[in-house]
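These are the residues of each chain, in order.
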Amino acid sequence: MNATPSNPRLLEQMLLVRAYEEAIVAGSAAGQVPGTCTSVGQEAAAVGVVNALSADDLILTNHRSAGHLLARGADPGRLLAEVMGRRDGYCGGRSGSLHISVKELGVVLTSTIVGAELSLATGVALSRTMLGQPGIVACFFGDGAACEGSFHESLNLAALWKLPVLYVCENNHWQAFVHRREAIGHEHVADWAAGYRIVARTVDGNDVDAVLAAASEAAARVRESGQPFLLETYTYRTRGHFEPDDQGYVDAAELAAWRARDPIARYRERLLDAGMLTAAEADELAARVTSRIAAARAFADASPYPSAADLASGVYA
Amino acid sequence: MPTLTLHDAVGAALAEEMRRDGSVLVFGEGVATKRHDLLTEFGALRVRNTPLAEGIIAGTAVGAAGTGLRPVIDLLFAPFLCYAMDELVNSAGKLRYLSGGQFSFPLVTLAMTGAGWGVGAQHNHNLEAWFVHSPGLKVVMPSNPADAKGLLKAAIRDDNPVLFFLDIGLLYQPGEVPEQEAVVPLGQAAVAREGRDVTLVSYGKTVQHCLQAADSLAAAGIAAEVIDLRSLKPLDTGIVLASVTRTGRLLVVHEANRLCGVGAETAAVVAEEAFAALKAPIVRLGGPDAPVAASFPLEQAFVPRPEAIVSAAERLCRHHSA
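Protein chains in written order, with the numbering used here: chain A, 1 to 317; chain B, 318 to 639.
Rather than coming from a laboratory, the hints here were simulated on the basis of the structure. A couple of the hints might just be wrong.
Stated by the list, open to error - Here are the simulated BS3-like cross-link-like pairs (lysine-lysine), alpha carbons at most 30 Å apart as the crow flies:
(1) A:Lys103 to A:Lys162
(2) A:Lys162 to B:Lys596
(3) A:Lys103 to B:Lys351
(4) A:Lys103 to B:Lys411
Modelling step: build the complete structure from the supplied sequences, incorporating the hints.
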C-alpha cells in the first residue's frame, strides 16, 4: 500500500486506533462495553507493518488486534459491534473482542490462545504455496507468545519447509501481568531467530516511519525468497493487560519514559516539523477520527444482540 | 473382494482421495517413510515427514484446512494428541463458530490406540471421548478394514475436523475391502449382527468381542444384536434406540474408561428416550479408571473379553425372566 515516509495517512490510522481503544476504555468504565486487551502505545507497530503489506497478503493476529484490523481497513462500527456481542459484528457477536477475524480483509483464523497464531501461520503459508496463491502471511504475536513452544516449533518448520511467513513480534514488554525481563533471559525476541537460520531485525516500534520501512523491506524479502523473516517491533503496552487494570504492578519511571515516546505524539510532531501537516490539519484529522468513532459507537449500540435460538448453530460446516 | 489389513485400507483410502482431489495432502510423523507408495505416487510436496512436534503438525493442518487445503495428519499414538489439544480443540473445533462461520476446517487426524502391542499408557490410551465432548469435532473409530477405508474417505471429504482413531489390535488383521468406491458416511452405525433378545453396542476391537460373545449366546438360546457405532460423533442414536426398543436390553461395551465414556452417553440417551422399552437396567462394560499397563496380561485384562460380555448379557436376560 502507501509506503511514502512521513505520511499523514499513517497519523490518521494511528489516531483512529487510539480513539477506538479509548472509546472502549470509556465504555468499559461506564459498564456499557466489555473490557478488552487494548493496544494503546503500540499503534505505530501495528499501523507500520500493515501498511507494508499488499492486498494479497494474509494476516494472523491475536487478542490485541485493533491496530491490525483498523489499519487493514476494518469498519470500526462492525468491530465495536463485535466487541459488544452484537449481530452486526464481523463474527456475528460470537467472537467478542478476543478472536475477531475478517476474512474479506485477509485477517484470518484469529485465536486468543497465546501462541496459537504461530502454529496456524505455517499452515496458512503452506496453503498459499501449495495452491499457488500470491501473497505472504504476516503473523502478529507478542513477547509472551515467543515463550510458547509453538513459536519455536513454528520457526523451525517455516525455515525447514520454506514458508513465506513474516513473523512480527510486538515486543511490548508485558506478558499479561509479568514483565518480559522475568520471562526471557535476554532483551530481544529477534535473537532467537538465528538458531533457526531465520533472518531477523529489531526496529523501534514507536516510530511508524521506521516500522513501515523495516516491514516493507522484510515483506519484500519474504516475497522474493519465499522464506520466513522475523521482525521485532520494540514497543510498550502503556495500558494494562485488560480493562480495567490499575497497572499498580508497573514501574512508574519505566511507564513514564515510554509514554514520553508515545508514537502518535511523536509522529504528529514530526509531520508538523517537516511541514507535511499544519496544526490545523492535524486537529482536523483528530476531529474526523473522533466523529468516526462516535458514529461507530452509535452503530454498535443500535445493532441488536444475536438470538439465543441460534446459540448452537454454525458449529459444524 | 480383495483382502487388506486395516493399515493398508487406510493407505488405499488416502491414495484414492489424493487422486480424486488435489487439495488433499498427508503429513506427520514418519508418513513419507511408512507410506512410501504414496510418496512415490504423489511426491514430496503432498506426502511429508515432519518434526516430532505434534503441536505444530496439528496447527499447520488447521491453518492449511482453514485456507483451502484438506490435510490428513498422522500423530502416531493417541496420547500424543495431548501435545496437539490446543490446535485441535481450541482452533479447529472453535474458530468456525467464533468467526461467525467464516472458516471451515476439513482435516483428518489419525492416531493409534488400544491394547495389542504392550506399549503402556503413554502410547495406548483410548481417549476418544475427550473429543466427543469438544464442540466442532467429529470422531470416528472403525472396527474393520472395509469401514476404515470407507470412513476415512468420508472423513477426508467432510468439511469438519475429524479425529480418526485406529485400533492397534486391529491394525494388521486382514479383512475384505470392496474395490469399488464405498464411502461409509460419518454418523451411521452398522448392525453387525441381528438379534431380538439383547442389544450389544460397541466400537473398535470390542465389536469383534461382541460378535464372538453373540456366537456363544446363540448356543445358549439368546439372540444378541450387535451394533457397531463406527462414528462416535455424530452418534447414531437412531439405530441404537430402534434396536433397544425391540430387544428391551442394552449392554454397551468399549475398551475406554467407563467414566464419562461413549458408553455412558449411549446409556443416557437410551434411558432418556427409550426407558419404557427397557426390561432390565442398562449395563456398561469398559476399561477401569487406570492407566494401561505394558505387561501383556494386564493390558489384555483392560479390554472387556467375550466371556465377560456373555455373562453380562446372560444376567441381563435372566433379569427379564426373573
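Do the hints match the structure? See the list:
For the proposed pair lysine 103 of chain A and lysine 162 of chain A, the alpha carbon gap of about 24 Å is at most 30 Å, so the pair holds. Distance check on the hinted pair: lysine 162 of chain A and lysine 596 of chain B sit about 63 Å apart at the alpha-carbon level, beyond 30 Å; violated. Of the supplied pair hints, the one linking lysine 103 of chain A and lysine 351 of chain B is violated, its CA atoms being roughly 37 Å apart against a limit of 30 Å. Distance restraint check for lysine 103 of chain A and lysine 411 of chain B: the Cα-Cα separation of roughly 16 Å lies within the 30 Å cut-off, and the hinted pair is therefore satisfied.
Checked against the numbered hints above, the structure violates hints 2 and 3; every other hint is satisfied.
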